[in-house]
Amino acid sequence: MLFEQILFFLAGLVAVAGALGVVLLRNPFQSVLALVSHLIALAVLFLLLRAAFIAAAQVVIYASAVMVLYVFVVAYVGGSDEPLRRDEGGVVGSVGPLFALALFAELAIAIVGSSLTGLDSTGAEVGPAFGSPGQIGELLLTQFLLPFEAASFLLLIAAVGAVVLARKRRGLEESEEGPPTVSVGELARGKGPAQPDAAGGGQQ
Amino acid sequence: MSAIWFVVLSAFIFCIGAAGVLTRRSPLVILLCLELMLNAGNLALIAFARMHGNGEGQIFALIVLVVAACEVVVGLGIVVAMYRRRLPIDVDAMSELRG
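Sequences listed follow chains A and B, in order. The opening position of the first sequence corresponds to residue 21 in this note's numbering, with each subsequent residue numbered one higher. The opening position of the second sequence corresponds to residue 87 in this note's numbering, with each subsequent residue numbered one higher.
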């Protein structure tokens with residue numbers, strides 16, 4: 021019991037620190053790495069809640085596959101540091117953290133004041149098979165067959181959509197933008213057509 | 087550990103993610119903060135599944151995992167398309183929807 025509590029507080033601390041790192045770090049690379057540590061800490065919490073299969077899926081799918089995708093895109097776009105929004109005096113930038121604090125206070129009041137008596141207990145008695153791949157698979161293929169199939173279609177649609185969004189459209193872009201035009205005055209001042217670095221400002 | 091600890095922790099992580107979505111400008115970091123919020127929801131779902139002692143909440147969490155993966159793929163595709171068209175990678179600059 022004591023071991024469980026120590027593990028909960030350690031994993032919770034790492035999870036909160038990772039979440040804060042995602043929000044506060046300026047470099048997107050460091051944000052992605054903070055999210056990886058956050059996700060692994062969450063997997064530990066899932067294990068404490070006896071969700072072994074979800075924890076494994078979290079580490080395999082999220083903390084590795086999806087995060088590798090993030091790292092590739094950050095490297096491609098160029099992980100440039102961004103200035104704080106507060107520097108420009110944006111209203112949302114200063115109200116945002118206050119809004120989040122208010123949301124947390126509201127949620128905490130709702131949780132503590134809820135009449136769910138089970139919240140204070142350690143939970144119902146469960147067998148050793150609770151949360152195992154066998155139980156999850158049985159539920160997915162019997163009771164939740166329709167959401168399972170819908171999820172597979174969703175994955176297919178997302179894969180097709182990503183290819184359509186990110187492919188190089190040769191014919192379309194040329195007909196829309198035309199060849200790059202440079203006026204004589206710009207040439208005299210030594211300017212070329214728009215450089216890709218102007219957009220992302222980083223390494224390619 | 088009683089379930090209330092996990093639920094409060096998930097509420098806290100959700101609020102951190104919400105603050106990030108509101109204050110950051112890079113769409114990449116906004117997607118990362120969305121991941122935080124989705125994972126906080128997952129933690130609450132699994133905590134309630136443990137509290138009730140049946141596996142249906144875990145199925146929900148699994149489906150949320152799939153939807154989050156799809157959302158990442160489409161969001162990153164949009165970011166790459168923005169970069170290809172030499173648009174600034176900044177959500178404030180993307181103020182109109184146009185094909």
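One thing to keep in mind: the hints can contain errors.
From the structure, some residues in chain A lie toward chain B, with a derived Cβ separation under 7 Å [unchecked claim]:
| hint | residue |
| --- | --- |
| 1 | V42 |
| 2 | F49 |
| 3 | L53 |
| 4 | L69 |
| 5 | S84 |
| 6 | G116 |
| 7 | L118 |
| 8 | F164 |
Counterexamples of contact, computed for chain B against chain A with all Cβ distances above 10 Å [what the hints assert, rightly or not]:
| hint | residue |
| --- | --- |
| 9 | S88 |
| 10 | I164 |
| 11 | E182 |
Hint data in this document are derived by calculation from the structure and do not stem from the laboratory. Beta carbons: idealized from backbone N, C-alpha and C, even for Gly.
No chain A beta carbon within 10 Å of E182 (chain B)'s | Holds, because the least Cβ-Cβ distance between E182 (chain B) and chain A comes to about 16 Å, which exceeds 10 Å.
Find the nearest Cβ of chain A to the Cβ of S88 (chain B) and say whether that gap is larger than 10 Å.
-> About 5 Å separates S88 (chain B) from the closest Cβ of chain A, which leaves it inside 10 Å; violated.
Cut-off 7 Å, beta-carbon criterion: hint that L118 (chain A) touches chain B | With a closest approach of 9 Å, the L118 (chain A) hint is violated.
Hint check: is the beta carbon of S84 (chain A) less than 7 Å from a beta carbon of chain B?
-> Constraint on S84 (chain A) not satisfied, violated at 12 Å.
Per-residue hint verdict: G116 (chain A), partner chain B, C-beta under 7 Å = holds (3 Å)
Taking the shortest Cβ-to-Cβ distance between I164 (chain B) and chain A, state whether it exceeds 10 Å.
-> Non-interface label fails for I164 (chain B): nearest chain A Cβ at 6 Å, not farther than 10 Å.
Status of the V42 (chain A) interface restraint (C-beta, 7 Å, chain B) = Interface hint status for V42 (chain A): holds (5 Å vs cutoff 7 Å).
Does the CB of F49 (chain A) sit less than 7 Å away from some CB of chain B?
-> For F49 (chain A), the interface hint is violated, since the closest Cβ of chain B sits about 10 Å away, which is over 7 Å.
Under the criterion of a CB-CB separation shorter than 7 Å, is F164 (chain A) in contact with chain B as hinted?
-> Status holds, d = 5 Å.
For the hint on L53 (chain A), just tell me whether its beta-carbon gets within less than 7 Å of chain B.
-> This interface hint is violated because 11 Å lies over the 7 Å limit.
Going by Cβ atoms only, is L69 (chain A) closer than 7 Å to chain B?
-> Holds, because the Cβ-Cβ distance from L69 (chain A) to chain B comes to roughly 4 Å (cut-off 7 Å).
Violated hints, in rising order: 2, 3, 5, 7, 9 and 10; the structure is consistent with all others.
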